[in-house]
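Going down the list, the protein sequences come from chains A and B. Using the numbering used here, the first residue of the first sequence is number 1, and each one after it goes up by one. Using the numbering used here, the first residue of the second sequence is number 1, and each one after it goes up by one.
Worth flagging that the hints you see were computed from the coordinates, not collected in a lab. Note that the coordinates shown come from a computational prediction; the quantities given were computed from them, not determined experimentally. Among the hints, erroneous ones may be present.
Stated by the list, open to error - Now the stretches of chain A that chain B is said to cover, found in silico as 3 or more residues with beta-carbon under 8 Å:
#1 55 to 67
#2 191 to 200
To be verified - For lysine-lysine, the following DSBU-like pairs were computed, each having C-alpha atoms within a straight-line distance of at most 35 Å:
#3 B:K116 - B:K219
#4 B:K118 - B:K139
#5 A:K201 - B:K46
#6 A:K85 - B:K79
#7 A:K49 - B:K104
#8 A:K139 - B:K79
Note that beta-carbon positions come from the ideal geometry of N, C-alpha and C, so glycine has one too.
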Amino acid sequence: MITHPLLEATENQAKNQGKVKWKEKTKSSDMGCGLVDTLKRVELALRVKSIPYEYIEEDLSNKSPLLLHYNPVHKKIPVLVHNGKPLAESMIILEYIEESWKNAPRLLPEDPYQRAQTRFWASFVQQLFEAVLKLVTSKEEEHEKTIEEAYEKLEVLEKGMREFFGDGGRRIDGQNLGVLNIMVSAVLATHKANEEVFRVKIVDPERFPLMFSWVEQLNEVPLVKEVVPPHDKVVALLHFVRENGLNPSSS
Amino acid sequence: MAEEVKLFGVWGSPFSRRVEIALKIKGVEYEYIEEDLANKSPLLLKYNPVHKKVPVLVHNGKPIAESVVIIEYIDETWKHNPILPQDPYERALTRFWAKFIDEKCLPALWNSTWSKGKDREAAIEEASQHLNTLENELKDKKFFGGEEIGLVDIVASFVGFWFGALQEVSGLELLTEEKVPKLCKWSYEVVNQSVIKENLPSRDKLIAYFSARFADASK
Numbered sequence: 001m002i003t004h005p006l007l008e009a010t011e012n013q014a015k016n017q018g019k020v021k022w023k024e025k026t027k028s029s030d031m032g033c034g035l036v037d038t039l040k041r042v043e044l045a046l047r048v049k050s051i052p053y054e055y056i057e058e059d060l061s062n063k064s065p066l067l068l069h070y071n072p073v074h075k076k077i078p079v080l081v082h083n084g085k086p087l088a089e090s091m092i093i094l095e096y097i098e099e100s101w102k103n104a105p106r107l108l109p110e111d112p113y114q115r116a117q118t119r120f121w122a123s124f125v126q127q128l129f130e131a132v133l134k135l136v137t138s139k140e141e142e143h144e145k146t147i148e149e150a151y152e153k154l155e156v157l158e159k160g161m162r163e164f165f166g167d168g169g170r171r172i173d174g175q176n177l178g179v180l181n182i183m184v185s186a187v188l189a190t191h192k193a194n195e196e197v198f199r200v201k202i203v204d205p206e207r208f209p210l211m212f213s214w215v216e217q218l219n220e221v222p223l224v225k226e227v228v229p230p231h232d233k234v235v236a237l238l239h240f241v242r243e244n245g246l247n248p249s250s251s
Numbered sequence: 001m002a003e004e005v006k007l008f009g010v011w012g013s014p015f016s017r018r019v020e021i022a023l024k025i026k027g028v029e030y031e032y033i034e035e036d037l038a039n040k041s042p043l044l045l046k047y048n049p050v051h052k053k054v055p056v057l058v059h060n061g062k063p064i065a066e067s068v069v070i071i072e073y074i075d076e077t078w079k080h081n082p083i084l085p086q087d088p089y090e091r092a093l094t095r096f097w098a099k100f101i102d103e104k105c106l107p108a109l110w111n112s113t114w115s116k117g118k119d120r121e122a123a124i125e126e127a128s129q130h131l132n133t134l135e136n137e138l139k140d141k142k143f144f145g146g147e148e149i150g151l152v153d154i155v156a157s158f159v160g161f162w163f164g165a166l167q168e169v170s171g172l173e174l175l176t177e178e179k180v181p182k183l184c185k186w187s188y189e190v191v192n193q194s195v196i197k198e199n200l201p202s203r204d205k206l207i208a209y210f211s212a213r214f215a216d217a218s219k
């Protein structure tokens, strides 16, 4: 039985202090959020902003009335519920978090042009995610074709990120991760596990040195380590998914 | 410094028209450059190397691509006559619906028109569901944005205007008063808002274009 979380951010408005409730149920077949990329994005954003939240598990093979109530259009996770008001779609949730909790650090740049560029690239990383997902959920025969799509996206990112960040090289402030760091962490942090299980190089350090070193650096950030499960656990989960013919996406 | 705003677009594209509508709402002067998609200009390729598509807005030499990203930029740069609401929750809902229309409705409506056989049936079924979802979301509001048009109305002009033309050409009957009465009423209202009306392509020209394509596709 697969379970995935529905996240609830709570804020005690009277005291302007959050309630710290971190629940994680563990079952023998529990996958947690290890494979759910879109969920990792939201968790990272909440942690960057130090927003306390309650993590509610959802059994996607048997969706709760609560999930269906909160996301009637797509019936998917993640769903963020803030003071009773639900929101779906990870990037939309991230923008909402940014606008509702105006404390530092910022998830998006202040300048409108930089913000537009960040949104553009975040949307592109989403496309990379879809290509990687296709690879992970397709049959072995299709891998050659689907990996090409992922490589195309990675090539664009390799070049685009070099220009976007300038030649000073990637510098990540561990406390101040921002949307692009969050997206890339969520999508690529577990690439080595994917590569091991599917026996295909995704973030090849020779072809994509910037992306490779960026992900290596992100994987050293404590916040990222808190949200992304260790390599062995992801490998085990991916094997579980393959053997059971399951789809590790957030539906 | 004088503002220099350029927009690269295509006359029939709902995506470039929506950016024009946003610029007109804000009263921003701009230079419009019509692109020939079969023969893209070097400037377009320079300004949008990733997707090589329209629309692209260039503000004081700095390019921005992706229509909704552009509109959010326009809204944040020229703050009068807001296109998105102020409240974070309302903004999130606005973005959600705009995304739903672009990622779900548009492709389903487009495929309903152009695909064949089983794919077409599936697309029609999906499109019907999405139109019903929009019908339910509209509730008793005049526009998706409330009393005034907002981002969702601008994005949904594809449904109100372009799909109306596609429907006429293809003989589909999805956007009808029987099936989605509120959505139909909304589409008359929205298309008749002057800022939208004055910035839509000519319906006759669009119908002629789609008819020719439809005839070709049927061969």
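Against the structure, the hints come out as follows:
no.	hint	verdict
1	55 to 67	violated (count 0)
2	191 to 200	violated (count 0)
3	B:K116 - B:K219	holds, 12 Å
4	B:K118 - B:K139	holds, 32 Å
5	A:K201 - B:K46	holds, 31 Å
6	A:K85 - B:K79	holds, 27 Å
7	A:K49 - B:K104	holds, 31 Å
8	A:K139 - B:K79	violated, 50 Å
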